[in-house]
Amino acid sequence: MKTLQNCKVLENTPLTHDVYKMVLENKTDWIHHPGQFVNVTIEGQYLKRPISICDWTENSLTLIYKVVGKGTEIMSTKNPGDIMEILTDLGNGFDTSKANDEVVILGGGVGVPPMFGLAKQCIKEGKKVHVILGFASEKDVFYLDEFKSLGVDLSVCTNDGSLGTKGFVTDVMKEKGLCDLFYMACGPMPMLKAIYTTSNSNGLLSFEERMGCGFGACMGCSCKTITGYKRICVEGPVMESEDILWKD
Amino acid sequence: MERLNVELCGWQLDNPVIPASGTFGFGYEFSQFYDINMLGSIATKGTTRESRYGNPTPRIAECERGMINAVGLQNPGIDKVISEEFPKLKEVYHKKVVANVSGFSVEEYVECAKKMDAEDIVGIIEINVSCPNVSHGGMSFGTDPQAAAEVTRAVKAVTTKPVFIKLTPNVTDIVSIAKACEEAGADGISMINTLLGARFDLRTGKPIIANIMGGFSGPAIKPVALRMVYQVYKAVNIPIIGIGGIATAEDVIEMMSAGATAIQVGAENCRNPYACKQIIEDLPKVMDKYGIKTLKEIIGRAHR
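Chains as they are written, first to last, in the numbering used here: chain A, 1 to 248; chain B, 1 to 304.
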């Protein structure tokens, strides 16, 4: 259920020079699917910040966010014991029942975090999981050990080749012969489009947009799809690949 | 709680708090947060004759104490609003709405207003001559007294319900436009719509909003709204629904003091889905604090 909740910060630590991990105390029984998001209140900032859920336990919620502006900068200064207000249960998330028994999960940059909870869920469901993570450079890489500990088939690439394969997640997908598998992905728009064109299969893609309310009232984050107008915050952020109208 | 009651053209409202058009969808999205029957009324999403997708994204830019939106009147079109959205709203809401109508020609306003007039759920028809986010129409009807009067007269000729004209602040003299609407038969004025604004990305230097400009709303615009409501109250004899930056019970009292009979809450719904509920619940104790017995008695008290 969508509710405004006050949560105690349990941890807020840097993972790279600009990416942080925040763990909040929270009863997470509202989560339906990995890939949902929360809207975080930042004092002094008018709008909330939509942040995807990376991982959760019964009583804790992990958010990984990149510092890109004033709001996330303020967020990065929070200490354990501080209280954060969040609006919960936003977005549809990845419905893994739509996926086959063997899947490829692709994450790019700050699109990597929700793929962790998703990979965990797929493993729990007994799926065979291939994970491909893409980053700009070695200094931007985070969460590799955590993904490794899930026991997934993990590959990493960087745009400059400083770690793993040099190139994009789609290069790895081709190289490893994973183009026929159902895919689930989150990352920048060019990456999502490249996956769509490279793969022979269909899949689920998670999109990003500047939002007003985050719960479907303001029409700020609308997009056109083959089956009509959708709100990224309610009917998304995860869309079926066949439903997407790609812009050039 | 009779002390919160207000009356708009014979329509008794339990309280003066109405979520503003465009920030509350068709209402039912908010029923997952609280019982929306506690609201005075609801101003529904701006409705046009045809279905509209609106502007490209990004449509939202945050500002200091406010936000810019350039949604561009996304709505499913009047027929679907009546056949699909209103029935969904009626499942969770049992009062009447302020039906916001927009258009690109006088004929379109007339056609939509006529259809809204026939709906039981509609208490007031609010004619939006002030949308800053569409070209040809929208705001152009609200920046010229003659054009505003022409729309008002045409809509009044085909409707039986009270007609409120929603005015834009992006004009030199809002009083002359309000007076023109009153003379043309308007039953009330809703004011103000958003102020035209823009923001630019510090990294790229490019506009954040795809449409470049959009409507600026939020607490930052409250003084502008208060000033305009004050001016218009002085000049007209029809009720005003005050809109612009209202976020607290104190803001409601201030806006009503300036001359509003009821108020609308806009941007605040986007940052806090419970905004209207909190305002209504806070009103009695804030009234006590300032020795106000009933809200009716403070309408326009700045002028007395």
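Just so you know, these hints were derived from the structure itself, not from any lab.
C-beta atoms are modelled at their ideal positions from N, C-alpha and C, and glycine is treated no differently.
Hints may contain errors.
[As the list claims (entries may be wrong)] For each label pair, taking beta carbons as the anchor points, the in silico distance ranges come out as: (1) B:A235 x A:G228: 55 to 61 Å; (2) A:G151 x B:D35: 57 to 63 Å; (3) B:R301 x A:E240: 21 to 27 Å; (4) B:R227 x A:E138: 53 to 59 Å; (5) A:E102 x B:E50: 52 to 58 Å; (6) B:K95 x A:K176: 36 to 42 Å; (7) B:E84 x A:D243: 52 to 58 Å; (8) A:L245 x B:D201: 21 to 27 Å.
Tested hints:
For the pair A235 (chain B) and G228 (chain A), the beta carbons lie near 45 Å from each other, so the given range of 55 to 61 Å is not met. Look at G151 (chain A) against D35 (chain B): about 48 Å separates their beta carbons, and that is not inside 57 to 63 Å. Checking the proposed 21 to 27 Å range against R301 (chain B) and E240 (chain A) shows it is violated: the Cβ atoms sit about 57 Å from each other. Remark: the range hint 53 to 59 Å for R227 (chain B) to E138 (chain A) is upheld by a beta-carbon distance near 56 Å.
Between E102 (chain A) and E50 (chain B) the beta carbons are some 46 Å apart, a value that contradicts the proposed interval 52 to 58 Å. Roughly 59 Å separates the CB atoms of K95 (chain B) and K176 (chain A), a value that falls outside the hinted 36 to 42 Å. A beta carbon spacing of about 21 Å between E84 (chain B) and D243 (chain A) contradicts the range 52 to 58 Å that was offered as a hint. Distance hint check: the CB atoms of L245 (chain A) and D201 (chain B) are about 25 Å apart, consistent with the given range 21 to 27 Å.
Hint compliance for this structure: hints 1, 2, 3, 5, 6 and 7 are broken, all remaining hints hold.
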